[in-house]
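*Asks:* If you want the building blocks of each chain, they are given just below.
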Amino acid sequence: MNIIVCAKQVVDVSEMKVDPSTKKPILQGVAQKISDIDKNAMEEAIKIKDKNGGKITVVTVGPSDAKERIKELLAMGADEGVLVTAPDNIDYHMTSTLLAEAVKKIGEYDIILCGEASIDLFSGQAGPRLAGLLGIPQITYAQSVNAEKDKVTADRNMGDYAVTTESTYPALVTVTKEINEPRLPSLMQILGAANKPIQEWTSDSLSSELKPMVETVDLKGVSMERKNIVFQNDLDKSVTKLVDSLAKEGALRG
Amino acid sequence: MVLVFSDNKNLTFEMLSKASELAKNLNKKVTAVIIGKTDDALAKEYISFGADKVFVAETNLESFKAEEYTDILGNIVKETGAETILIGSNKNGKELAARLGGKLNAGCVIDSNNIYLKDKKLTAERVVYSGNAIAVEQFNSTPAIVTVPSKAFDRLKKDDSRKGDIIKKKIDAEKSTSKILKVQEMKTEGVNVEDAEIIVSCGRGFKNKEDIKLVQELADVLKGKTVGCSRPIAADMKWLPEECWIGLSGHKVKPKLYIAAGISGQIQHIAGMRDSGIIVAINKDPDALIFKSADYGIVGDLYEVLPKLTSAVKEKMG
Ligand SMILES: Cc1cc2nc3c(=O)[nH]c(=O)nc-3n(C[C@H](O)[C@H](O)[C@H](O)COP(=O)(O)OP(=O)(O)OC[C@H]3O[C@@H](n4cnc5c(N)ncnc54)[C@H](O)[C@@H]3O)c2cc1C
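Protein chains in written order, with this note's numbering: chain A, 1 to 254; chain B, 255 to 572.
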């Protein structure tokens, strides 16, 4: 079975600092990592390969230093990596077009796995857009996946409904964080990953004249202005003070 | 034309108000889309909430499949020449919008709660980096697709005297090869967290499933009756259903009062409740992050604080 995993390099949001005067996030110098949920997609790919055999190719559209991150996925169990170097001002239209062209160039595939969304921007566009461009079924928000020889079945969390969907191949599946616990590669696996191939493709070689359809014209800071009144020590007094404050603010009237 | 679609009618009502405002500035009309069986009553309601036209795509599809809905909506976009497309941001809507973006080679912005024209270009703002910033996204091309979460916009006052055309058309969707084997409703009784005015939430500070009753009791005396939780409580422990799960990957809520007990305040949780009116935190760790995002906090053991708080509220409210 030929399995493709789409993985994105993102800033580690929990390490991000905010400029105290402008309240804007400081993006420079923040540690980069593979988006958490894409690692869940990687883990699921390994399980599918363990069961059905085959090959796992990881595709990343990102800056050239993302190569280091791809190595982590190779250490986890991917067989081969592809890095498509991203142009500036990249939007989801460009990312998904490049992913689609990369998938076509890779050639044979049965199943494409993506995270439900990346943890930096959390749009969840890449998977469904890619499925749309390739004209294949999309099975989103999978919380469990059962891939068999000729079909894949998934239980999906659709908010108000739990939906079980089945599809023949090829199909694209997006997974949630709950689906599994991504493995930590062993030292041997990390060393072994150095010998696995990573291809680098330029975006121009895949699709020329790509232009963003959506541009981020500004990144505004958010001020989380809260009163930060904290009561401690005497518990009974704290509770009374809290209830009085809430009553004064009219918050107890529902 | 500004096109509006959601399989949730309340979301459509809310989007119609924004669509009307945009349409006025663009000098265009608003069309609401219904996919499925003809429903004249609903179509009329859409008109009274601001639609100039309702397009009913008659199909006999039994359940939602993004592939098929994308095909139908894509055909409607082509037929009507719609430039701006607003789609309700529930899970169905998001995967539909993104696939449609791929199919039509169109720009798409997910989860926008502020949409306007700037320099004559459609502009949509969305929260990014788990709530650390707001990205201002501008469209360079049409059609432009934006998904809108619930409660982002207030619906217009219902005006039953408004007139509009209802167009019905049989549409054949390209059949998807995927099959839906089972659909199970996950709703239980109680108020939906997204509509709740008061929410009391619990996190990993709770030691046992039975202890959740401490938040239930406080929610009950507050007449909010709505319980929420952090991700581990719903996803890992499964002590509460997923409809209670609040945060980046759960529900986004905006109650007037949000009380978080035994929740550390990681950014992914804050992302789901940061727009709440008043935020109260109860945590035994004085350095817990949650206090930075709270208006009021009590440092203490929730097992002592919650019962005291419940009886103090009861007393206060009489
Ligand atoms: C991609 C991604 C998406 C995520 N999405 C979400 C999401 O949607 N929602 C979400 O909530 N999280 C989400 N998370 C997880 C998030 O990062 C945190 O791990 C999670 O919110 C922690 O839950 P918690 O606060 O309940 O538990 P903990 O972080 O373990 O905190 C427990 C708190 O309880 C306090 N405590 C313990 N005992 C007591 C006591 N007796 N009395 C009072 N206080 C006590 C402790 O001091 C501590 O602060 C996501 C993470 C990732 C990576």
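No wet-lab data here; the hints were simulated from the structure. Since the structure is predicted, the reported quantities are computational estimates derived from the model, not experimental observations. A few of these clues could be false.
Just so you have them, the derived chain B footprint on chain A, three or more residues with Cβ under 8 Å [as the list claims (entries may be wrong)]: (1) 5 to 15; (2) 82 to 93.
Okay, derived cross-link-like pairs now, DSSO-like style, lysine-lysine, Cα gap no bigger than 30 Å in a straight line [what the hints assert, rightly or not]: (3) B:Lys562 with A:Lys149; (4) B:Lys492 with A:Lys104; (5) A:Lys47 with B:Lys492.
On the chain B side, residues computed to face chain A include the following (Cβ under 10 Å) [said to hold, decoys possible]: (6) Leu280; (7) Leu354; (8) Ser395; (9) Asp413; (10) Ser415; (11) Lys417; (12) Ile420; (13) Ile421; (14) Lys424; (15) Asp490; (16) Gly531; (17) Lys546; (18) Gly551; (19) Leu563.
All C-beta atoms in this analysis are idealised placements derived from N, C-alpha and C, irrespective of residue type, glycine included.
*Asks:* Next, verify each hint and record whether it holds.
*Replies:* Tested hints:
no. : hint                   : in the structure
1   : 5 to 15                : holds (count 3)
2   : 82 to 93               : holds (count 3)
3   : B:Lys562 with A:Lys149 : violated (58 Å)
4   : B:Lys492 with A:Lys104 : violated (40 Å)
5   : A:Lys47 with B:Lys492  : holds (24 Å)
6   : Leu280                 : violated (18 Å)
7   : Leu354                 : holds (7 Å)
8   : Ser395                 : holds (5 Å)
9   : Asp413                 : violated (30 Å)
10  : Ser415                 : violated (34 Å)
11  : Lys417                 : violated (33 Å)
12  : Ile420                 : violated (27 Å)
13  : Ile421                 : violated (26 Å)
14  : Lys424                 : violated (23 Å)
15  : Asp490                 : holds (8 Å)
16  : Gly531                 : holds (7 Å)
17  : Lys546                 : holds (7 Å)
18  : Gly551                 : holds (4 Å)
19  : Leu563                 : holds (5 Å)
Hints 3, 4, 6, 9, 10, 11, 12, 13, 14 from the list above are not met by this structure, while the remaining hints are.
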